[in-house]
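Novice: Position in the sequence shown counted from 1, then plus 75, gives you our numbering.
Be aware that a few hints might be false.
To be verified - Pairs of lysine-lysine residues, derived as DSS-like cross-links and limited to a Cα-Cα distance of at most 27 Å, are as follows: (1) K349 with K269; (2) K104 with K170; (3) K104 with K288; (4) K349 with K288; (5) K170 with K150; (6) K170 with K288.
These are computed hints drawn from the structure, not numbers from a lab.
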Amino acid sequence: MTTTQHGRASAPEPFALYALRYANHGGRKAWDNMIGGDPHEDGSDLDYFVWVAQRSDRTFIIDTGFDTEQAVARKRDLIRKPHEALALIGIDAAKVDEVILTHLHYDHAGTLGAFPRACFHVQDAEVAYATGRCMCHGFLRHPFHVEDVVSFVRHVYAGRVAFHDGTVELADGLTLHRTGGHSGGLQIVRVWTKRGWVVIASDASHLYMNMQKGLPFPAVHDAGAMMEGYRTIHRLADSPQHVVPGHDPLVMAIYPPVSAELTGIAVRLDETPKELP
Numbered sequence: 076m077t078t079t080q081h082g083r084a085s086a087p088e089p090f091a092l093y094a095l096r097y098a099n100h101g102g103r104k105a106w107d108n109m110i111g112g113d114p115h116e117d118g119s120d121l122d123y124f125v126w127v128a129q130r131s132d133r134t135f136i137i138d139t140g141f142d143t144e145q146a147v148a149r150k151r152d153l154i155r156k157p158h159e160a161l162a163l164i165g166i167d168a169a170k171v172d173e174v175i176l177t178h179l180h181y182d183h184a185g186t187l188g189a190f191p192r193a194c195f196h197v198q199d200a201e202v203a204y205a206t207g208r209c210m211c212h213g214f215l216r217h218p219f220h221v222e223d224v225v226s227f228v229r230h231v232y233a234g235r236v237a238f239h240d241g242t243v244e245l246a247d248g249l250t251l252h253r254t255g256g257h258s259g260g261l262q263i264v265r266v267w268t269k270r271g272w273v274v275i276a277s278d279a280s281h282l283y284m285n286m287q288k289g290l291p292f293p294a295v296h297d298a299g300a301m302m303e304g305y306r307t308i309h310r311l312a313d314s315p316q317h318v319v320p321g322h323d324p325l326v327m328a329i330y331p332p333v334s335a336e337l338t339g340i341a342v343r344l345d346e347t348p349k350e351l352p
């Protein structure tokens, strides 16, 4: 929060906050989405998003999605490339200055080349994890794409990566918080909006159900850290309605679209959502 000339705290300019849907994965079973799920029960689809926090002085892109190659390799339905989704709300990826990478999995840190002038914000622990001994194990490295990681390292050498260790304020009204769990150094993003503090949970909770029921997503590095991450998310958000999970199709259903033409594509997370079904 900023301080007035009389020493009183004042709220910063709120960010407009968007979720942009760029891909989908259907045909899932319950056990694909939570540890202990019934293999005979159908599970929720996964939607894939990039997020935008924007105000008069700053624009932050949160995650960069995946491209056609990974869509084919992992049998995901790529609806549009992430930079094309951004263009639908008037953002030119080539002119973006700051990108937050919640973690380095293939669906969150691909397409870095579409952001040729951006600085990428990431946690120290995530880079150590994605390039360290844990990647000798197939289960742990499966969510990463080696070419994306190599691309990221090239950006490190080009001086275009900002490393963070735990909680950091990138702007008055926007902070990063490391939770780990799903990946070694996953971070969530807390954003000040006109409806209060909203948390982009990313893969700290793939679906609303994961954090509501305390049932972790099966792709996990540290289940204990993931469970504690649910507490951190709710501590930082103004209410459960102020939490945005990383892959839940309900996000498109409960938040208002940016416009009628962008229904099912882009929604406003700084507006009050409908009640969850």
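Novice: Now tell me if each hint is right for this structure.
Specialist: Results for each hint:
1. K349 with K269: Status holds; Cα separation ~16 Å.
2. K104 with K170: Judged against 27 Å, a Cα distance of about 40 Å means the pair is violated.
3. K104 with K288: holds (17 Å)
4. K349 with K288: holds (20 Å)
5. K170 with K150: Violated, at roughly 31 Å.
6. K170 with K288: Roughly 41 Å between the alpha carbons, so the hint for K170 and K288 is violated.
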